[in-house]
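There are 4 protein chains.
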Amino acid sequence: MAPKKGLLERLDEGAVIGDGGFVFALEKRGYVKAGPWTPEATVEHPEAVRQLHREFLRAGADVMQAFTFYASDDKLSNRGNESSKKYTCAAINEAACRLAREVADEGDALVAGGLSQTPTYLSGMSKQDTQKEFQKQVDVFVQHQVDFLIAEYFEHIEEMEWAIEVCVKSGLPVVASMCIGPEGDLHGVSAGECGVRMAKAGAHVVGINCHFDPFVTLEGLKKMKVALDAAGIKVHLIAQPLAFHTPDAQKQGFIDLPEFPFGLEPRICTRWDMHRYAREAYDLGVRYIGGCCGFEAYHIRAVAEELAKERGKLPEGSQKHEQWAGGLKMHTKPWVRARAGRKYWENLKPASGRPFSSSMSKPDNWGVTAGDSSLKQKTAATSEEEINELRQKVVNGH
Amino acid sequence: MAPKKGLLERLDEGAVIGDGGFVFALEKRGYVKAGPWTPEATVEHPEAVRQLHREFLRAGADVMQAFTFYASDDKLSNRGNESSKKYTCAAINEAACRLAREVADEGDALVAGGLSQTPTYLSGMSKQDTQKEFQKQVDVFVQHQVDFLIAEYFEHIEEMEWAIEVCVKSGLPVVASMCIGPEGDLHGVSAGECGVRMAKAGAHVVGINCHFDPFVTLEGLKKMKVALDAAGIKVHLIAQPLAFHTPDAQKQGFIDLPEFPFGLEPRICTRWDMHRYAREAYDLGVRYIGGCCGFEAYHIRAVAEELAKERGKLPEGSQKHEQWAGGLKMHTKPWVRARAGRKYWENLKPASGRPFSSSMSKPDNWGVTAGDSSLKQKTAATSEEEINELRQKVVNGH
Amino acid sequence: MAPKKGLLERLDEGAVIGDGGFVFALEKRGYVKAGPWTPEATVEHPEAVRQLHREFLRAGADVMQAFTFYASDDKLSNRGNESSKKYTCAAINEAACRLAREVADEGDALVAGGLSQTPTYLSGMSKQDTQKEFQKQVDVFVQHQVDFLIAEYFEHIEEMEWAIEVCVKSGLPVVASMCIGPEGDLHGVSAGECGVRMAKAGAHVVGINCHFDPFVTLEGLKKMKVALDAAGIKVHLIAQPLAFHTPDAQKQGFIDLPEFPFGLEPRICTRWDMHRYAREAYDLGVRYIGGCCGFEAYHIRAVAEELAKERGKLPEGSQKHEQWAGGLKMHTKPWVRARAGRKYWENLKPASGRPFSSSMSKPDNWGVTAGDSSLKQKTAATSEEEINELRQKVVNGH
Amino acid sequence: MAPKKGLLERLDEGAVIGDGGFVFALEKRGYVKAGPWTPEATVEHPEAVRQLHREFLRAGADVMQAFTFYASDDKLSNRGNESSKKYTCAAINEAACRLAREVADEGDALVAGGLSQTPTYLSGMSKQDTQKEFQKQVDVFVQHQVDFLIAEYFEHIEEMEWAIEVCVKSGLPVVASMCIGPEGDLHGVSAGECGVRMAKAGAHVVGINCHFDPFVTLEGLKKMKVALDAAGIKVHLIAQPLAFHTPDAQKQGFIDLPEFPFGLEPRICTRWDMHRYAREAYDLGVRYIGGCCGFEAYHIRAVAEELAKERGKLPEGSQKHEQWAGGLKMHTKPWVRARAGRKYWENLKPASGRPFSSSMSKPDNWGVTAGDSSLKQKTAATSEEEINELRQKVVNGH
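Line by line, the protein sequences give chains Z, G, L and D.
According to the numbering used here, numbering within the first sequence proceeds without interruption in unit steps and concludes at 1053.
According to the numbering used here, numbering within the second sequence proceeds without interruption in unit steps and concludes at 1053.
According to the numbering used here, numbering within the third sequence proceeds without interruption in unit steps and concludes at 1053.
According to the numbering used here, numbering within the fourth sequence proceeds without interruption in unit steps and concludes at 1053.
Treat the hints with care, since some could be wrong.
Which copy is meant is left open, so a pair is good if it fits within one copy or across any two.
As the list claims (entries may be wrong) - Restricting the straight-line Cα-Cα distance to at most 30 Å, the calculated cross-link-like pairs of lysine-lysine (DSBU-like) are: (1) Lys787 / Lys988; (2) Lys741 / Lys988; (3) Lys1017 / Lys1048; (4) Lys659 / Lys1004.
Treat the hints as calculated values from the structure; they're not laboratory data.
Isolated chain Z (complex conformation):
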């Protein structure tokens, strides 16, 4: 069998479709704990992780991201998380690589190993300490022959540069993606400058993931694009946004919304939102188009269906999904059959069924960032007293 084409080659040829977020999907399925959000499921329940990979593959994803989100040693032991007592960081990362490879090879997909921001950095520790955490994961990725690396979910360009530095040394293609919006990073660096700095640090693909909905994310990418063009830098762009509507989120994104993480349901995007997202991303010049938290297989399939013409193919999963609601022609009720068409769904503004809810929320916003004492991380569990203190801060308007 011929070797698979590499990421950069594929990006040069056209759109590469990413997968969706694992922590939110597996939290709902019962395999990930909200709060720590760590990926020990790769060891504990490989069948569940494998199945989710398969769903994204079937939906059209060209990349299987090994489920290594927050799988750094410091995170696995933060604030009472007991994962590190049961499993080594290496074991979790290795299992993740094997599962991703197994499913990737059921199709033509690539495997990516991922790094994300660390409690070490957030607690104000040194570059050396932070990079040591990264290096441990990268070593596993290299050993397991992933096809490329993704440094994603970074709120500070400084930490991102440190991560890219480690990644670049591996010799693999490097994708760098920050969880920022149009307002830029948490230290006040603009989105445009973040883009330029990621590219200058050596990333081959730069962009944005998580924290904001597809349309806010694309606003941020527009700023990156303008800045990269102005700097004369040629790199590919990546978008992997939330599948939650966040028009009301501020600088820190959906985490500050009062609904995070257990009341986000009314914000979930429809497949039609994803058609629009895919089209707008593609038209903007983004070539790596995937998703993050909230994205399920049907969202990725919608991206693949929107770009079917450009890509010359439909995903396997479309065998169970006729374009633009065509399957409704088989419905028993005539008025549902009447909904079998694009115009109907493009124009629908879906109601929430929640008459006591508003459409927007005021985000919590304590305005603190890396370096602030309330962000110091620790190994011990949070005490009831500490929680009460935090609640009191909320009552007092922080």
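Let chain Z serve as the given structure and place chains G, L and D on it in line with the hints.
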């Protein structure tokens, strides 16, 4: 190993937790086609069906419903559905039974075989024809030694009585559940009378599934309870509602809402809605408490967690979910840690993130039911011309 | 000049149009104090009261209700209201009658004197005490030759019967209108029975005013109509609802909504709501069609315009209002001219411009009524301590 | 009696409170026709105009703006408006001046004569033609000894400069106020530059009126302030915004919202919104603080109450309005008395009572401005054919 306790014995002892809906969950994962909604995935992708069963088992479900929804011969060949060309009805039903049994035996769960309403009845054909469809499925269920039968998703009490009649002859416990709301069946029979007639037809457990949200469903169940009490009938009650908010649905339920089936996202219930549902259902005396379309594992887990005290146990899935958001104590951001408590989530009214959407919709409502010519079902696919005619009806206000 | 036709003669011939509410309109204009809501403006600022009468006359009202709402002695001195120290009850009522007559005679309108529920009754005092309050006002009305009496804004049918008894003795036509919804009075008497009892007590016209929006009010009137028909009683019906949308109000109406009285703006009905109200009221057989709190001249004009064909005339005010937005044909911007038509406005669902607001509220509902100690009225002002106690009750969920 | 202090002297000393909009208030009362919006009521119904002036005076307004909005000859005869056939422009303007003076002298208020943008300019005619229209009105104002001039409701800075040029020649203080938002004028001139150009043209007070809600208006004023500071120009600032929430309006303001002008009710600001507006405006340095369309007396009173401390006085109308809902202490129901306080009303997010409405609208936006043929004005009425053409444009998405 001691044989498992039967359904009726369990219900006499306390709450039995059902599973969630398969067609919606597997549609999103890419294995079921919206429109026909038939379950050929049991043959095509057993690993996907098995995994979903496991998620519900892990979430606390005491019942694995074999995935046989709409798996009657007449439905598999309706309006251009090609499933019947590839697989026999028997094969699909048999595979469903095997998968359910396999996972049920990984725990202490029971297996149920399910019947649902038929195109045959909807097209105005005879009792004999309709029962023939039911018999074919029941034969498979008996042969595969399911633990009990569920006749569910019936809009007309008449067809339901025919189904119960077939089920009762099997000698297995029979659960009967109609997809109606407080207004009763589509022929104008009240919810209360539907309850009484199901019991008189021989069902051991009667109630309501699908079509309405948990709280509207419980309104309907209250009416059944009053009528059953008035008639001096003692049966158990079952509730398996939608996980979509439907305060605006009319008699025919969520199918008539303009958002059905591809724009229902903003209506998805949170886990906290399900805590409230479980408590209200239990307090009303409902003992079989499960879910239908939209219910995912985390919704069922919330039911199990709410009833943990009554049941003396937490589900395995709760190892990844501390009660009432306790896991947030491990979050890196202090203001998210402040959300680790019951009061916060009980009081939250989650915003939709959709400022151009309303909270309620006007349902489509053509006011036709079994017998009307526009409801005649057929084998041929719906033509583009027919769809255009239907759309014109919509424009003209039907 | 020929004498004016009387109320009952007019009602037999067709629709009689009432005026709108004075207390809310004059509160916004600066002449009535929210809280006590008493009408001393008739003495203090007759020009403002006169102008408001004129606006309603011009809008098509056939009745000028003397501004005597809550003008009973016991109310004028309740809870620190100082009106009774400055003016006698008689003076306020007399001035109200004179102003109403003056403007009524600028057109063909009739004058009505009005009674409303009393603190005396609410505090649990005797029938004799309560009727004494009514008699004082009726004496003034008779002396000033009003054309008919309206007993309106009663929450309890018992007090209403006492009021009607007093009114009937005057020999004038009596209109009786309770501030109830479809759920009936605060002592649990159904809306239907309230209607029957008002008629049996001698009222010539019975119905509902205030507390609910036009459409909820008509639901209540439907129940009255059914009960009156069943009892074989022939009387005319009156509707004088709020001009605020109240789909979420419970038994006690808009007073319990959190927005009452200073945040009701987003609930204000449009003129197109009033077209629909007038049509539905007329079709139901209601012949006295007016408004209460929130109704301004343009709302009454919309009622008159909707019924122009039935009445054979347009109001004078329509000289400044072309039917169904026709005046927009003169607008400078072409896309506003495109809105000059009925279909546009009938279909518009106006946005609130308030993305942080919901569409419905949970009413305060302390479930107390006449007789409860917290409803005892008194002359002294409410102390800060008492207010704090009340607030504490709110925090504790009452 | 000592002569009244002039406008500029008052502004130097502290806040000057403007009045509210006349066309919207008098349209609802039945004296102005929506569409042409011309002020012939000054001749036809002086008592109605006088009463509205009195309400604003009583509410705390320091200025009586003569009701001369759109009272230019070309506007009075535009598109079938017959006002110019009945009355001369001079007669309407003269009556307006007399009414404003009469009421102003019942207190300590000043009289302002107002100019606004002209069909002449919108139709692309010359500076000379446009200024001729302005001069006719200014002549009347000078003759009637108004205290100052206001050129307001201009969408184009060019026409505004022409108006200021005419005003300045009168020797009276000149206030200049454009109906723009933060995005600037319709020809693309920024808000900041508009402010600078108005000042350079000779205006003593510059700012923004109409078209946007108080908070969007203040965003625009911030931009003006920054530009004026940068240019080293010292002038006073004026804000006279809408009393309708318009977070969703685009460059052309509320006219483009689908609710304009007959469905704006759910957007009406509460008195508490106005407290916030007054405070934010004052803190920004705005000293002329009034209102435009939608402002009624109680809104202006709220401005005066918020600034009571700074101004050392409460308006006369506050005799009927205890600060921060204090009057509710006199309410009969205890849970309404519990609402007598500032915190309650500041935190209330009022519901709309409209579950089928959204919170935001998509504005119509044809993107045409002065010079475009569809904006050519004419004397003849708009024909039914022309309206149908416009509607077709809407259907076709323009």
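Hint by hint, which ones does this structure get wrong, listed from lowest number up? Going through the list in order, the structure violates hint 4 alone and respects the others.
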